[in-house]
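With chain A's structure known, arrange chain B on it following the hints.
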Amino acid sequence: MLILEFLGKRIAQGLLIIFITSLIIFTLLRVVPGDPVRLIVGGMAPPDVVEKVATKMGLRDPIIVQYGRYMRGLLQGDLGQSYLRPRSGMIATGGQYIDPTKSDMAPVIDLILERLPFTLQLGGMALLFALLMSFPIGIAGGLHQHGWQNALAFGVQSLFVSIPNFWLAIVLILFLSVKLKLLPALGYQGFSYVLLPAFVLAVEIAPFIIRTLTTSLGEVMQSTFIDEARVRGLSRRRIVYSHALRNAAVPLVNLLGIQLSTLIGGVLVIEYIFDYPGLGNLTVVSVVGRDFPVIQGIAITTSAVFVFINIIVDLVAYLIDPRVEI
Amino acid sequence: MTATTIIAAEQDQTPTRIQSVNRRILLAAWRMPSFRVGFFIFVALLLVSVVYPEISSVSATKMVVKDKFLPPVLLGEKWVWEHPLGTDQLGRDMLMRSFIGLRYSLLVGVVTVVLIFIIGCGLGLFAGFKGKWWDIVIMRITDAQLSIPMIILAITILGVSRPTVPTIIIVLALSGWPLYARVARSAAVTERGKEYVRGLRVLGAGDWRILLLFAAPNILPPIAFVAVLDVARMMIFEAILGFLGLGIQPPTPSFGSIIADSRKYLINAWWIATIPGIFLAVALTSINLMGSALEKARNRIYGGL
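The listed protein sequences correspond, in order, to chains A and B. Each residue of the first sequence is one higher than the one before, counting from 15 in our numbering. Each residue of the second sequence is one higher than the one before, counting from 661 in our numbering.
Watch out, some of these pointers could steer you wrong.
As the list claims (entries may be wrong) - Here are the simulated DSSO-like pairs of lysine-lysine, each with C-alpha atoms no more than 30 Å apart in a straight line: (1) B/K738 <-> A/K195; (2) A/K195 <-> B/K924; (3) B/K726 <-> B/K924; (4) B/K728 <-> B/K738; (5) B/K728 <-> A/K193; (6) B/K738 <-> B/K924; (7) B/K728 <-> B/K924; (8) B/K790 <-> B/K854; (9) B/K738 <-> B/K726; (10) B/K722 <-> B/K924; (11) B/K924 <-> A/K193; (12) B/K722 <-> B/K738; (13) B/K792 <-> B/K854; (14) B/K726 <-> A/K193; (15) B/K728 <-> A/K195; (16) B/K738 <-> A/K193; (17) B/K792 <-> A/K23; (18) B/K854 <-> B/K956; (19) B/K790 <-> A/K23.
What the hints contain is simulated information worked out from the structure, not anything from laboratory work.
Next up, chain A with everything else stripped away, as it sits in the complex (with noise of 0.2 Å):
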């Protein structure tokens, strides 16, 4: 009963700030200066065509009417077509002229659902990577927080994150692609072009939860009740595994939530770099091409995500420690 009115309560709240999301990025976009109408229909078209096409296309009436508009739709699932992507795929270039105003353009739901399983593809690789890389390094930190391990946990801690995401992405392609032909690295034609923009995406997480893992596993290591396990005769493995890492899970989970919006970034970054066929490559030509409705698709999917994960967070942080408020 507390869950389900835990997560009613969360839902609701959620459903808040998505609105408050999508009413945020819908007035940015119309505010500030640069005219997708004109990139529409080419540099070179008269004024007064601007004018109609902008106007048939509704971007002329007032900010709110056109909210309450586009909120109409996507109370329907409706997010609105694509002002640059025909159906067909190809792009639209300002010298032939699509009318934006013709159902011939790609509903928008269907580019982002197209590009999403790409894109958690790549975001729950570079998690398992991450994951894999700083476990070893955080609790032996924790561990040993006196010894030559904490030491090297603080080091790569501080070395990975002082690297750029993007500058990395680009050594590494130099190196593993060029160089020694190792790992393929640009666009998209099966599983292994997945692993080198996730292992850079990784490097960038890895620093926050090695940090995490070691100080909430030093906390815990220092209380009482684990020296009680000793007494009580258990194995030092364990302690460390089935009661210590249990209670310093708490806050790795919780800082999940919290980077989420850090790994989003970077996996825009990363997938422009490696030209990879996700939502952050979608985000970057769209913003470039002024495509209002696929960024605001983007930026309201984006939003239900980290909203949702972040109830997940709080569900399985309860879940570990039913001490933890909910």
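Chain B alone, transformed into the frame defined by chain A:
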């Protein structure tokens, strides 16, 4: 006696000499070798990036096509002493370009964090102290802002408006404040219930007076120590924006745009991409070393150890 020293005295069970908490944290951080290493590297980089471009006659933007693709000293063929770190595809001096890039990177990083600190902590303190509707409204906006990844917000704004140094700083600050608002708010909520605040209320002090003169000096320094780490984060963001073509615009060099341009020459002229990256990584490492030392010191002192 200020509120800060009261806290300090409380924590020191046997006060030999009463020192403010902040002084003690700085001192504890200073005793760590990692802080000192970071500090010296940072100061050196800062000095060199401020002074060198002023006294040197080499230009960061002047193109000398006959000198293009010169490798760094002692690496490869054809290197010259005039360009210790080589030249790029248009014969511009890499050393100077890196220093100018570093200058802007540091400028953007520091100013942005100061702005974020002011906006975030200001809103957070206000929300936490006022409570009720203010709290709910401000915190929901914070949540919404948190759920839009900062980089999406930044490229959305910069992608459609013209990126200049002030706009970059404002955009980064706008997208970075929510975490500070959260931290400051939770600190303010705890602080509100404390004895001295209630005491001040009894004495008839107004909200603003308590908040600005007494509560803020207790709440803000611990947050400020950790904010150092965010300078590094903002510098990375600045570089990412430059890399996407949404940062400081050419011909002014910035780390991001240098690296983005150098991708085409990666195989023949590896140093163009590598050198700015190393500069950036060293600068970031120095800041992160200082930041984590400060954080450790803070946790140790507040933990009462």
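For each hint, the structure was consulted:
1. B/K738 <-> A/K195: 29 Å, holds
2. A/K195 <-> B/K924: Within the cut-off at roughly 18 Å; holds.
3. B/K726 <-> B/K924: 19 Å, holds
4. B/K728 <-> B/K738: The hint holds at about 11 Å.
5. B/K728 <-> A/K193: 23 Å, holds
6. B/K738 <-> B/K924: Holds, at about 21 Å.
7. B/K728 <-> B/K924: 14 Å, holds
8. B/K790 <-> B/K854: 15 Å, holds
9. B/K738 <-> B/K726: Roughly 12 Å separates the two Cα atoms, so the pair holds.
10. B/K722 <-> B/K924: Holds, at about 20 Å.
11. B/K924 <-> A/K193: 15 Å, holds
12. B/K722 <-> B/K738: 20 Å, holds
13. B/K792 <-> B/K854: Holds. B/K792 to B/K854 sits at ~18 Å (cutoff 30 Å).
14. B/K726 <-> A/K193: 28 Å, holds
15. B/K728 <-> A/K195: OK: B/K728 and A/K195 at ~28 Å, within 30 Å.
16. B/K738 <-> A/K193: 23 Å, holds
17. B/K792 <-> A/K23: This hinted pair holds, its Cα atoms lying about 18 Å apart.
18. B/K854 <-> B/K956: Given pair B/K854, B/K956 holds - Cα atoms ~25 Å apart, limit 30 Å.
19. B/K790 <-> A/K23: 24 Å, holds
Hint violations for this structure: none, all hints satisfied.
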